[in-house]
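Trainee: Protein chains in written order, with my numbering: chain A, 1 to 127; chain B, 1001 to 1220; chain C, 2001 to 2138.
Don't read these hints as lab results, they were simulated from the structure. All figures in this text were calculated on a predicted structure; none of them were measured in a lab. Hints are supplied without guarantee of correctness; some may be wrong.
Once the Cα atoms are required to be at most 30 Å apart in a straight line, the calculated DSSO-like pairs of lysine-lysine come out as [said to hold, decoys possible]:
(1) C:K2031 - C:K2043
(2) B:K1110 - A:K54
(3) A:K115 - B:K1031
Listed here are the chains, written in short residue letters.
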Amino acid sequence: MGCGRVGARLASLLDEDGHEVTVLDNDTYSFRRLPSSFGGTALFGNGINEEALKKAGIEEADVFVALTQGDNRNVMSCQIAKHIFNVPRVMCRIYDPLREEMYSALGLETISPTKVFAQLLREKLEG
Amino acid sequence: MYIIIVGGGRLGYNLLKALLNEGHEVLLLEKDARICRTIIEEMGSVCYRGDGCEAAILDEVGTGRADMMVAVTGDDEDNLVACQVAKHKHNVPRTIARIRNPQNAALFKKLGIDVTVSTTDLILETIEREVPTHPLTQLMALDEKGLVIVDVKISPESATVGKTVKDLSLPKESKLALVIPNQGNAHVPAANTVLRAGDQIIAVTSPESKEALQIALRGV
Amino acid sequence: MEFKRILVPVVGTEADEEAMKLACRLAKRDKGKVWAVSIVAIKRTLPLDAEIDSEIQNAEDVLDRMERIAEEEDYEAETDVLQAREVGPAIIDEAVERGVDLILMGIKYKRRFGQFNLGNVVPYVLKNAPCPVILYQQ
């Protein structure tokens, strides 16, 4: 969910690896970021809407990744995926480190790019 | 009570005003500086600029001692997160979220939000209540107990007219509470109470057996 | 100009002491009254009626000093500690309630983010005051 730079890149990498990939975005213009070689499905829809998620095939999905710009949208869609559709693996991008910690404590698999990137820069600079 | 409202739209603004009038300590959180200024100018220091989903902001405004959090922004996801942060990070005993999409009610409940309010559902309920031919109207939901209070009207065509209460095969979660006849006083139904056309029956039931109760009471 | 009822909000700076002196001199001339108030701002994490002993003590110490300054000026001032969520509105409320005809405040030259900055309280008072305001900057 979310076909930004990261979403599009991840989708095409997983597609290259031979997985079946569906990308969901509520702006069809975002799909320009997908390479022409992309063999998966690009679907217009709102990822916090159960109907849209069903249409994207969430009921059969093994993995759900939320990568929109909105932390709250990501959190909500991941919780739908996990608690309503029982997707086995759910990953959530949360920019805000505090929110990320909380949802990680609540059992979501989360990544805070803010935290990771700051840490990475520090290691580069100090190492 | 100390109540925190998230979102200074029309709903949040009016809620703030009403709760202040009732004498509660209320604080409204709003991201938009202009809205904050307007509210502060009108009502004093009862508005704080900040994102109600951010744990740091919630810390600052003393969410830890809040009795209730009401999230009424226009976005379901923001209301969800604000309530979850309040609940899990600050142990707020009661959280209420406004939802735009009625479908989200089940999800929010599952995720621990105490009460959800959907404008769509509210308007629907009102419409149902206003339509007199509707045989069963939900008056109130007791969310914690998983029960609803309903109002069933016995029409002249109902197959149960003339039958006694003990002859009805009510679903087992259902209980008749009150009979309000067309004329005369309301009374608590007994086993030998006879149903008459025009009776209005107030009953408690589970949401799932609403339909079954209606059939039991009206015979159709 | 005649000032018969003067409000001096104080936090205890040197500028406040000078403002207090000035207020006494102005009031003396017109046989007016001077109130020095110190406002304890209560954070949202606490209820408004919380008693933070250290802050109240501090406010009382400041007011004691103000009283002594008034005595040195051979004048008498009334003092009060107020609790509020925010200082600016508390000053305005007090000014309205006491029906003062002057607010006299001492301010310090402050920088914030490298720029001259008046803070929140002074602009709020200037904007909302029901009476003339004199600022004394040291």
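Trainee: Hint by hint, where does the structure go against what was stated? Just the numbers, ascending.
Mentor: 1
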